[in-house]
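Enquirer: Protein chains in written order, with this note's numbering: chain D, 411 to 840; chain L, 8 to 320.
Keep in mind the hints are simulated off the structure, nothing from the lab.
Remember, predicted model here, so these are calculated numbers, not experimental data.
Using N, Cα and C, we set each Cβ at its ideal position, and we do this for glycine too.
Watch out, some of these pointers could steer you wrong.
What the simulated footprint calls covered on chain L by chain D, stretch by stretch (three residues with Cβ under 8 Å from a Cβ of chain D suffice, anywhere in the stretch; the number is not a length) [as the list claims (entries may be wrong)]:
hint, stretch
1, 64 to 75
2, 268 to 276
3, 286 to 294
Non-contacting residues of chain L with respect to chain D, defined by C-beta distances greater than 10 Å in every case (computed) [as the list claims (entries may be wrong)]:
hint, residue
4, Leu46
5, Gly100
6, Val115
7, Phe138
8, Ser176
9, Leu208
10, Leu215
11, Gln229
12, Thr246
13, Leu304
The list that follows gives simulated cross-link-like pairs (lysine to any residue, SDA-like), each with its CA atoms no further than 20 Å apart [as the list claims (entries may be wrong)]:
hint, chain 1, residue 1, chain 2, residue 2
14, D, Lys517, L, Tyr72
15, D, Lys770, D, Ala465
16, D, Lys666, L, Glu175
17, D, Lys666, L, Ser160
18, D, Lys666, L, Pro181
19, D, Lys666, L, Thr166
20, D, Lys666, L, Phe170
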Amino acid sequence: MSPGSGRPSSLSRRSFLTGSAALVALGVAGCASASAGSGGGTTLRFYEQKQEVIAYFDELLRRFEKERPGIAVVHDSTVAIAPQFVRNEPADVGCFNDNLELARYIKRGVLGDLSDLPSAQAVRTDIGELTDQYATYPGRTSVLPYSLAAAGVIYNKKIFAEHELPVPETWTQFVDVCEELTRAGITPVYATDRDTWTLWQGLFDYSVGSLVAPGEFFRRLKELGTDVGPDSEVSFEKDFALPMERAKTISSYFNKDHAVRAYADGNLAFGKGEAAMYLQGPWALSQIALVDPDLEIGTFALPVSENPEERQARVNIDLGLWIPTASAHQEEARELVEFLMRPDIINAYNSDNLAYSTLKDAPPQQDERLAGLQDYVDRAAFYQGAGTFVPTSIPLGNYLQSAIRSGNFEGMLRQLDADWRRLAGREATV
Amino acid sequence: MTDTTMYQSSTTAGRPTTARRTGRRATGRRVEPLYYVFLVPTLLIFTAFVIVPALIGIFYSLTDYVGFGDWSFLGLRNYAALFSDPRILESYGFTLGFALVTVVVAQVIALALAVALTRRIRFATTLRTVFVIPMVVSGIVVAYVFNFLFSNSLPAIATAVGFGPLEESILGNPDLAWLSIVIVSAWQTIPGALLVYTAGLTSIPSDLYEASALDGATPWRQFRSITVPLIAGFILINTILGVKGYLGVYDVIVGLTGGGPGTATSSVAMTIFGGFTGGDYAYQMANATVFLIVTALISVAQIIATRGRAVQL
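Sequences are here, hints too, so could you generate the full structure?
Expert: Dropping the structure here:
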């Protein structure tokens, strides 16, 4: 236990800043002299920290350097995004998950306008609109969506076949499947409460998404601000009541030890065929493949109503491209963005990494395991998870943990309304 | 009292010693210049890396700063929001209660072990070494190991022997999860306290015990009337450092419960740190400022409450 880990957080941050400022100064000096030696070109810094694809982007950057002599690109894969903006030395091109964290930068106008880039016209409008759901800056397209990930219920095809179970298309069918599996002594749904993000990402988001459109709900919630309550036009308590009834039912089909299981346990257990369904995204597929590469897996969108037409898939913009206004190399940075957005490159990236290209007329994702979601992506029958709209200062995952245990989801929703009011009171909802 | 350096602590640890030393030094008048050579660099580093950042942090707690870009002055609005935020208040309740329970548990066990290990028993040195091992293992590692024990081993054993209450992991039970954090924190900090007590006990002359034994004092009476008064200073330093450390509890919780189930085990340090990733920088700086004051007040109160209790030979 480090003494006083509370206060020194500022200490470590400040000293870190001083230290890193010195390092950057050194680095910049180093780059300057290096590029001067090679004939006066420009050095760009490209920020991308998604672990699984760091090597992939490295290769792309080398290709870019070859095609465009005179520009060198350094790959910055620091985990935290904030320090570079705190120092006011952001990378020239960023490639990051488009979420509430990035929204803070969009809202404060530190990301430049990309709407006049040719590739901006090639992006599907329905995907481009998703980025605006978190935050916008007047008159700007701050982020170009690069990679769309779609998630649903991952299921074990062998277990479903052995028990002659259909892929459920309505809520009743889903419950029937769960009942059938329980009778057969098989865990219907594997859950990993200990990693609380898995609870909101799966159970919460899937239960809400097809019943209440999250983008619209949170837009109105933000307008209401401190007026959110049981009698307001929209509220968690009112609008999420039915979704949470679904969530409560689903949680009754969880593995018995769900409370103490973590994400890695879940991948292992599902890979070993210990459960029939798993509420996870495509990121889990590569982990499950490590356990059993031959496991036959499919994905379907969770049905939460009796109308199969209402089913939607949960999506997120796994990667988006942006150029900070503080970048000193705007022209070169735009060239790099245009290169990455070239159809052959963006489409190849997405088909290689279990995701969907954001361009109009992009080819479908070929992976068998994700085939069940292609149609939703094509039809834009998708939503960004409700949990992704909740600021991390509201511990939604922890609340879900309690609610699953106690069964008191109504209390959790009242708590969310109260927390939202408090955050709105100090304008911290983005 | 050089043992206190093992806590890698700074201010509080030094205070009693310096107080005594200045008392002695005052009679000499002239101060050895070498002292300044040691003092000044430390003072500069301490100011640059602790005091100045803390002041910057306190300043930003009065604004709506998120770490970059523009900010405006809010006055005490963050503080007002803080005191009406039930989650913040709960985290204070949990942290203070946890620190109190843990410090009592850890001190009692450490003192008992120290007394046992300073008796002439077999393998005393070996045992002392064994007991110190937990101290050198990093907190997060200890927490993950215990996490495995609590989630897998303990329920498996309970199921095997048919002991119902423990068949479900205590980490998943909001009413019991805090116990796991007390157990692991105590387990981890007992060795440090044990070493301090061992040093204290060896400083007591054995003729005191012999004399009292001749007068017919029982071991319990000896412990109460000789041991405790003579090591009161050590008890004080252990309690202050213990409480201070437990108030900042973070890594053990991250490794065991992540603040859950629900928010049952969210400590103040965890909520503060959450502000950095959640864009709540200024608000949590206000929280950190309040926490700094609370921690300082508790330490001062402890010193006042125990002042003059120590017996000097």
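Enquirer: Hints first: check each against the structure and report whether it holds.
Expert: Okay, the hints, checked on the actual structure:
no.	hint	verdict
1	64 to 75	holds (count 5)
2	268 to 276	holds (count 7)
3	286 to 294	holds (count 4)
4	Leu46	holds, 21 Å
5	Gly100	holds, 16 Å
6	Val115	holds, 18 Å
7	Phe138	holds, 18 Å
8	Ser176	violated, 4 Å
9	Leu208	holds, 25 Å
10	Leu215	holds, 34 Å
11	Gln229	holds, 34 Å
12	Thr246	holds, 14 Å
13	Leu304	holds, 14 Å
14	D:Lys517 - L:Tyr72	holds, 14 Å
15	D:Lys770 - D:Ala465	violated, 27 Å
16	D:Lys666 - L:Glu175	holds, 9 Å
17	D:Lys666 - L:Ser160	holds, 16 Å
18	D:Lys666 - L:Pro181	holds, 17 Å
19	D:Lys666 - L:Thr166	holds, 14 Å
20	D:Lys666 - L:Phe170	holds, 17 Å
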